[in-house]
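Protein chains: 2
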Amino acid sequence: MDTPRACSVARSLEIVGERWSLLVLREVLLGVRRFADIQRHTGAPRAVLTQRLRRLVDAGILERRDYRPDGERTRQEYHPTPAGRELQPVLVALMQWGDRHLAGPDGPPVRMEHHDCGGAVHAHLVCEHGHALPGDGRGLRAVPRDVGAG
Amino acid sequence: MDTPRACSVARSLEIVGERWSLLVLREVLLGVRRFADIQRHTGAPRAVLTQRLRRLVDAGILERRDYRPDGERTRQEYHPTPAGRELQPVLVALMQWGDRHLAGPDGPPVRMEHHDCGGAVHAHLVCEHGHALPGDGRGLRAVPRDVGAG
Chain A
1 MDTPRACSVA RSLEIVGERW SLLVLREVLL GVRRFADIQR HTGAPRAVLT
51 QRLRRLVDAG ILERRDYRPD GERTRQEYHP TPAGRELQPV LVALMQWGDR
101 HLAGPDGPPV RMEHHDCGGA VHAHLVCEHG HALPGDGRGL RAVPRDVGAG
Chain B
151 MDTPRACSVA RSLEIVGERW SLLVLREVLL GVRRFADIQR HTGAPRAVLT
201 QRLRRLVDAG ILERRDYRPD GERTRQEYHP TPAGRELQPV LVALMQWGDR
251 HLAGPDGPPV RMEHHDCGGA VHAHLVCEHG HALPGDGRGL RAVPRDVGAG
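Chains as they are written, first to last, in our numbering: chain A, 1 to 150; chain B, 151 to 300.
Any given hint could be a false lead.
Across the chosen pairs, the derived CB separations fall in these ranges [claimed, not checked]: (1) A:Arg-54 to B:His-265: 40 to 46 Å; (2) B:Leu-252 to A:Glu-128: 16 to 22 Å; (3) B:His-265 to A:Asp-66: 49 to 55 Å; (4) A:Glu-72 to B:Ala-156: 27 to 33 Å.
Read the hints as simulated data drawn from the structure, not as lab findings.
Because the structure is a prediction, the values reported are computed rather than measured.
From the three backbone atoms N, C-alpha and C, an ideal C-beta is built for every residue, glycine too.
Can you make the complete structure from the sequences, with help from the hints?
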């Protein structure tokens with residue numbers, strides 16, 4: 001094999017595999033809509049944020065909408081698309097790893113809860129037959145699509 | 151709030167929030183151990199790969215082990231640590247998103263299976279009381295740790 005592995009992880013990372021893109025997505029999924037607020041919450045430099053927002057809009061992850069506050073000029077808000085919302089498990093999985101390995105003495109800064117019951121939410125590995133797999137990937141097997149053909 | 155949000159997503163991304171780091175981790179979790187093989191499967195430039203491997207070892211995600219093939223010089227292999235293995239849900243979540251949104255006409259290149267039953271494995275959002283949440287994050291609520299104190 002002399003070309004890089006064909007893989008949906010690699011394709012996903014071409015779009016969101018970079019610190020600022022995922023932090024921007026975190027903000028928009030938390031309901032933050034405006035450039036200045038996204039900038040403040042992420043700490044992204046202005047030029048970087050402009051570029052990342054454009055890229056996320058072009059990739060169909062965010063949608064830009066105009067709004068005009070009373071007496072002010074038209075501004076833009078950023079909303080997640082359905083495809084953008086479906087990145088939520090990636091963020092939850094990153095958060096639970098950071099909570100476990102990087103939280104420090106103060107503990108995790110944010111808790112992800114189920115709105116209905118208040119239970120802590122995690123990203124679990126589950127197979128289509130309903131078996132839960134351990135979070136360290138034991139019991140998981142990667143099968144290239146072309147193996148076993150014919 | 152004038153400082154960036156305290157968040158385990160951000161802390162995790164400081165370590166793995168970059169395309170090559172997560173692709174290197176993908177390879178090592180797939181069982182690829184040697185520099186040349188990781189380089190070939192990821193397509194990472196040599197200098198970048200050297201730097202990313204060092205960073206992942208320093209962060210306690212990978213472990214470097216010496217080995218010596220018969221009659222050759224000592225070489226290094228890379229193995230995942232327990233903390234590294236626990237990033238598996240992040241990779242599965244990225245893969246399922248790419249499978250769904252970026253797979254193209256050939257379909258997903260790799261299938262993640264449960265070793266025991268062959269069922270396709272996904273990263274699901276589940277609360278501690280056993281409720282399944284939709285993958286688009288509906289029903290999910292982020293609660294800052296200091297809210298509700300006192």
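Comparing the hints with the structure gives:
| no. | hint | in the structure |
| --- | --- | --- |
| 1 | A:Arg-54 to B:His-265: 40 to 46 Å | holds (42 Å) |
| 2 | B:Leu-252 to A:Glu-128: 16 to 22 Å | holds (21 Å) |
| 3 | B:His-265 to A:Asp-66: 49 to 55 Å | holds (51 Å) |
| 4 | A:Glu-72 to B:Ala-156: 27 to 33 Å | holds (31 Å) |
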